[in-house]
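Below are the chains, spelled out letter by letter.
2 protein chains.
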Amino acid sequence: MLENVKQIAEKNRALLEEYLRLESVSAQGRQMIETAEMVARIIEDKGGQAEILHLADTEAPPVVYGEFLAGPGGNAEKTLLFYNHYDVQPEDPIDEWETDPFVPTERDGKLYCRGVSDNKANFIARINAIEYWSEQAGGLPCNVKFLLEGEEEIGSPHINAYLAQYAEKFAADACIWESGGKDAAERIELSCGVKGIAYFDLAVRTAATDIHSSNAAVIDNAAWRLTQALASMRNADNEILIDGFYDLMIEPTDLEYDVLAKMPFDRQVLRDTYGVKGPFITDNLPYSEKEALIFYPTLTISGLLSGYGGSGAKTVLPAQAKAKLDVRLVPGYSPEAVEQLLRQHLDKHGFKDVELTRLAGVMPFRTDLSSSFIEVVTRAAQKIYGGESVVVMPNSAGTGPMYSFGQYLNVPVVGSGTEYYNSAPHAPNEHIRLTDYYQGIEHMIHLLADFGQ
Amino acid sequence: MLENVKQIAEKNRALLEEYLRLESVSAQGRQMIETAEMVARIIEDKGGQAEILHLADTEAPPVVYGEFLAGPGGNAEKTLLFYNHYDVQPEDPIDEWETDPFVPTERDGKLYCRGVSDNKANFIARINAIEYWSEQAGGLPCNVKFLLEGEEEIGSPHINAYLAQYAEKFAADACIWESGGKDAAERIELSCGVKGIAYFDLAVRTAATDIHSSNAAVIDNAAWRLTQALASMRNADNEILIDGFYDLMIEPTDLEYDVLAKMPFDRQVLRDTYGVKGPFITDNLPYSEKEALIFYPTLTISGLLSGYGGSGAKTVLPAQAKAKLDVRLVPGYSPEAVEQLLRQHLDKHGFKDVELTRLAGVMPFRTDLSSSFIEVVTRAAQKIYGGESVVVMPNSAGTGPMYSFGQYLNVPVVGSGTEYYNSAPHAPNEHIRLTDYYQGIEHMIHLLADFGQ
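If you read the sequences in order, they're chains A and B.
Quick note on the numbering used here: the first sequence kicks off at 4 and runs consecutively.
Quick note on the numbering used here: the second sequence kicks off at 4 and runs consecutively.
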């Protein structure tokens, strides 16, 4: 390790803990302004310029802009943008926390607090890396900008509007994404993209009221309608049957397949992690689990609700049924296109009565894998984690607002962070390992140097 | 109307209201013993013998036995059994009652109270008819027995055991069932049977915990498994696809088809009553709505529950899914046979992981339609309601514990009562019309005379 990384990290430990204590739960609008103000203060205290940005005509929490200029020995022509968020998930279920969710607590080399892994420690890690270079004679090797938003945990509903309005301010050459970390084999994962999402409510009503089930010989019911509508969308081999659905997919490039081929995939670890009981849905499909996770769209029933759900028997013919449908998107798909295909499918199969409402839509994004920035981030990581332990992913299986950064700023984006497989983001006892935190700082130190060259 | 029917009814009105005030909610075990004791007291006060029967080794509410002997002018060789129940449904939702659910209230010729239509007024109507004959010189035209149970509203779990233990005590030549009433065209319906029921929980678990839906490309989810399992049981024309399911059905006799042919069926009334939006499920089936309602089994999803059911989006891959399945049975079916077919179907179609648990089972029952008792009940009804307004049904579309009476007592069973289409049993503002009540008493008066001949 660089000799003074841990020293800087410990010097700024109180700052990290002060930041963690702020209960910036975006879903509940708690301490959002105080937290944004603290972010701006940290940036200014460390020698940067900060600005708290607002959108006209909304109640949206502010975005914090930060800027640090390259030092006299640095490259003033190159600018790296860090995307982070200062909001956190709600702390429920609070009973399952071993210590107070908003009191940072160190145990066995781990730091526990809501938001520490997602994503507050990553912001402070970036700040530590900047401080490392500020203390060197040459100063920062490049310009650095920050964008910290306060709505990532509720789906970033205003990130597009912020980027559209402030595109010039955030102009940069490349972007480090907010998250990243170590998998169960202790390999650091650097993801170059995200899947998108289209999320829908399906609802069907077959009668004005619930009806005694003795009428079932004649009167249809909403639970059957919805079951039949959903079943029409997927066959026994788990292929999606929506007409034209797979046609939207842009065939991955040879380079993307090469990168995929180098990605490890441990079937048994995934099965054990979640206690998966049945076969994988890819077992009868003509592509591998890795291909499915990275390159293929999904169609998930995330919720079913109709009629009676309590214990025992209730003889009811449900008048209403609802489902939640979660569709993950890869390049070529848009939430709008998926909505149109779903509507056409339902109509064509006799389910005009099934209402479809889109609740959320995020575009997929994948950085051009030939971008030299990926090489820069990877090389810096290999210095810290070792060559065998750095995994580049064309994109993650999850979703984030990365597309907006590509669209408005035209930057390559790679994620890197200080989490590990057991960090429990969004769950009780969220934590990071301090050794991962120090490594994350060091990765950013090397990255700034390599990027500035 | 017979001249003193209304006079007797009004004389016993206070008795009816006292009986109605007792909150004999079997689901909640409220005032069950007091109510059984009141039933016994009423029988004895009116000149009968009563006994409160218990089952050894259970906490089951008692069954009340009652007996009135034929008068000197009556036929002591013939015994009519009245089956009634003294328990009622819970009064929820209490806010929707216009008056206190357990305070009998007369408005516009209607008597409102929980349990008045189902089934307390019918018991007192029978008592009034007995009192009518007791005041005549010849006394009762036949012997009368009563069986009042306290668990009808929770599925009569102990009626079999009571009938098995006390079969000799309840021996009779025929049975009048607890319920019956007027349809939307003001025709009195006399039903000679019931459908049975087999009610199941279906449950599937695909993983130890709910999983982030980004894993959906590889890991299956319980909501999909259950949707596919259910969809395999019914096709787009709403035919049940369970192997051998329709083979169990005993083809109705010519006589049963003749009786069915005389039954009215008003498609539009049924549609309007419940605000039915789509086609009837029989529209593409090779049998009529009437045949379906009376002669065919059903397969109903009464509940679906999996994953997230709240507002907005939750990106979850549900680990568990549950459904309630309500199967109505006609002669030839038993709950056990249906359970076996369902299990075989699930296994054969690759759904061994879907657990099937039977929650309730009631056998179907249909009185032999050539029984002279049906003619006796019908003739008595025609005197009161007019020939065109009496409808005999081979069985109702609903379910009740009638099979046990056929099995242990070997009696023909016909239902008759004082309800009407808008009585709202099991619902707020349950009521009867007093004119229907007087007619119901008169029907029983004529029936006792005709039966005793």
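To be clear, the hints were calculated from the coordinates, so they are not data collected in a lab.
Some clues are possibly wrong.
No copy labels: a pair is met if it fits in one copy or bridges any two.
Unchecked claim - Keeping only pairs whose Cα atoms sit at most 27 angstroms apart, straight-line, the calculated DSSO-like set for lysine-lysine is: (1) LYS14 / LYS325; (2) LYS317 / LYS293; (3) LYS325 / LYS81; (4) LYS325 / LYS293; (5) LYS325 / LYS355; (6) LYS49 / LYS325; (7) LYS293 / LYS280; (8) LYS351 / LYS49; (9) LYS113 / LYS14; (10) LYS265 / LYS293; (11) LYS280 / LYS351; (12) LYS355 / LYS280; (13) LYS325 / LYS9; (14) LYS9 / LYS386; (15) LYS113 / LYS351; (16) LYS355 / LYS113; (17) LYS386 / LYS317; (18) LYS9 / LYS355; (19) LYS325 / LYS265; (20) LYS317 / LYS49; (21) LYS49 / LYS280.
For each hint, the structure was consulted:
1. LYS14 / LYS325: Classified as neither; 53 angstroms inside a copy, 53 angstroms across copies.
2. LYS317 / LYS293: between (44 angstroms within a copy, 24 angstroms between copies)
3. LYS325 / LYS81: Neither. Shortest intra-copy (51 angstroms) and inter-copy (56 angstroms) distances fail the 27 angstroms Cα cut-off.
4. LYS325 / LYS293: Neither way: LYS325 and LYS293 sit 32 angstroms apart in one copy and 30 angstroms across, limit 27 angstroms.
5. LYS325 / LYS355: both (15 angstroms within a copy, 26 angstroms between copies)
6. LYS49 / LYS325: neither (51 angstroms within a copy, 55 angstroms between copies)
7. LYS293 / LYS280: within (19 angstroms within a copy, 45 angstroms between copies)
8. LYS351 / LYS49: neither (60 angstroms within a copy, 67 angstroms between copies)
9. LYS113 / LYS14: For LYS113 and LYS14, only the intra-copy Cα distance (17 angstroms) is at most 27 angstroms; the inter-copy one is 82 angstroms.
10. LYS265 / LYS293: within (11 angstroms within a copy, 66 angstroms between copies)
11. LYS280 / LYS351: Result: close only across copies, 19 angstroms inter versus 35 angstroms intra.
12. LYS355 / LYS280: Between copies, since 12 angstroms is at most 27 angstroms while 35 angstroms is not.
13. LYS325 / LYS9: neither (52 angstroms within a copy, 51 angstroms between copies)
14. LYS9 / LYS386: Result: close within a single copy only, 17 angstroms intra versus 100 angstroms inter.
15. LYS113 / LYS351: Neither. Shortest intra-copy (55 angstroms) and inter-copy (50 angstroms) distances fail the 27 angstroms Cα cut-off.
16. LYS355 / LYS113: neither (54 angstroms within a copy, 43 angstroms between copies)
17. LYS386 / LYS317: Close neither inside one copy (64 angstroms) nor across copies (38 angstroms); limit 27 angstroms.
18. LYS9 / LYS355: neither (62 angstroms within a copy, 55 angstroms between copies)
19. LYS325 / LYS265: neither (41 angstroms within a copy, 40 angstroms between copies)
20. LYS317 / LYS49: neither (64 angstroms within a copy, 38 angstroms between copies)
21. LYS49 / LYS280: neither (51 angstroms within a copy, 66 angstroms between copies)
When held up to the earlier numbered hints, the structure conflicts with 1, 3, 4, 6, 8, 13, 15, 16, 17, 18, 19, 20, 21 and fits the remainder.
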